[in-house]
Amino acid sequence: MSKMTIRVHETKKCEDLGDARKALAKELGVPVRNVKESSKDYDYLEPEYVLDVKMKDGETATYCVYDNEQSAYDAAVDDLESQFRDNYTILGAAIDYFGNDTFLDFVDADGEDRDEIESLADDLGKEEFAKFVQEQVAPNFSVNYRGFAEYNIDRLDPAWHLAIYDSKEVGLENGMLAYRVD
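If you use this note's numbering, the sequence shown corresponds to residues 41 to 222, in order.
Mixed in with the good hints, there may be bad ones.
Okay, derived cross-link-like pairs now, DSSO-like style, lysine-lysine, Cα gap no bigger than 30 Å in a straight line [as the list claims (entries may be wrong)]:
(1) LYS96 to LYS66
(2) LYS94 to LYS208
(3) LYS96 to LYS208
(4) LYS94 to LYS76
(5) LYS76 to LYS96
(6) LYS66 to LYS94
(7) LYS96 to LYS62
(8) LYS62 to LYS94
(9) LYS66 to LYS76
Here are the in silico distance ranges between beta carbons for each label pair [claimed, not checked]:
(10) ASP145 to LYS76: 40 to 46 Å
(11) LEU196 to SER79: 27 to 33 Å
(12) ASP83 to ILE130: 15 to 21 Å
(13) ASP141 to ASP81: 35 to 41 Å
(14) GLY151 to ASP114: 34 to 40 Å
(15) VAL72 to SER159: 57 to 63 Å
(16) GLU168 to LEU196: 21 to 27 Å
(17) PRO71 to GLN110: 28 to 34 Å
(18) ASP153 to THR129: 22 to 28 Å
(19) ILE130 to ASP56: 29 to 35 Å
(20) LEU57 to GLU168: 41 to 47 Å
(21) LEU164 to ASP92: 39 to 45 Å
(22) THR100 to GLY165: 37 to 43 Å
(23) ILE130 to LEU160: 15 to 21 Å
By construction, these hints were calculated from the structure, which means they are not laboratory data. In this text, all values refer to a predicted model and were calculated from it rather than measured experimentally. By construction, the Cβ of each residue, glycine as well, lies at the ideal position given by its N, Cα and C atoms.
Working from the sequences, and respecting the hints, build out all of it.
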């Protein structure tokens, strides 16, 4: 019986892949045979599918495809949160874009501690402050990286983060969304 369950799941996944390939091909105006499952690794973006598309001009484009808006949104937030935790350059760029006051809304510190962090935010360069946050603030206070990632994606949309190549979302007729990554 368990073999039957696995087989049904695999069949559905294969049908969904076929639907994704057909919908992306139609939207891009290329034959379905030009859309293949990619071997490129974009797992960190959590797509349902990664597809290589041979475009009309002969170029190969790679798209991450998501089942729906929520799936794309969650993937963008998850990846950006991870980057904020691990890459002070990216955290610094986001702080610079949205401002110290906005970022500090995501740091749980009060009184003198908050005043000291605010002062350092004003005195240090953005990347230096972001590195300080990761190394000194986060271990001692609650830094809501997820909340700050959601704030970024809510204002800039998932395409800004997921469509590495051109920042454009491609809505497919089957409700899936595709983002060009290469």
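Consistency of the hints with the structure:
no.: 1; hint: LYS96 to LYS66; result: 12 Å, holds
no.: 2; hint: LYS94 to LYS208; result: 18 Å, holds
no.: 3; hint: LYS96 to LYS208; result: 19 Å, holds
no.: 4; hint: LYS94 to LYS76; result: 9 Å, holds
no.: 5; hint: LYS76 to LYS96; result: 15 Å, holds
no.: 6; hint: LYS66 to LYS94; result: 13 Å, holds
no.: 7; hint: LYS96 to LYS62; result: 16 Å, holds
no.: 8; hint: LYS62 to LYS94; result: 13 Å, holds
no.: 9; hint: LYS66 to LYS76; result: 14 Å, holds
no.: 10; hint: ASP145 to LYS76: 40 to 46 Å; result: 45 Å, holds
no.: 11; hint: LEU196 to SER79: 27 to 33 Å; result: 30 Å, holds
no.: 12; hint: ASP83 to ILE130: 15 to 21 Å; result: 19 Å, holds
no.: 13; hint: ASP141 to ASP81: 35 to 41 Å; result: 38 Å, holds
no.: 14; hint: GLY151 to ASP114: 34 to 40 Å; result: 35 Å, holds
no.: 15; hint: VAL72 to SER159: 57 to 63 Å; result: 59 Å, holds
no.: 16; hint: GLU168 to LEU196: 21 to 27 Å; result: 24 Å, holds
no.: 17; hint: PRO71 to GLN110: 28 to 34 Å; result: 31 Å, holds
no.: 18; hint: ASP153 to THR129: 22 to 28 Å; result: 25 Å, holds
no.: 19; hint: ILE130 to ASP56: 29 to 35 Å; result: 32 Å, holds
no.: 20; hint: LEU57 to GLU168: 41 to 47 Å; result: 46 Å, holds
no.: 21; hint: LEU164 to ASP92: 39 to 45 Å; result: 43 Å, holds
no.: 22; hint: THR100 to GLY165: 37 to 43 Å; result: 40 Å, holds
no.: 23; hint: ILE130 to LEU160: 15 to 21 Å; result: 19 Å, holds
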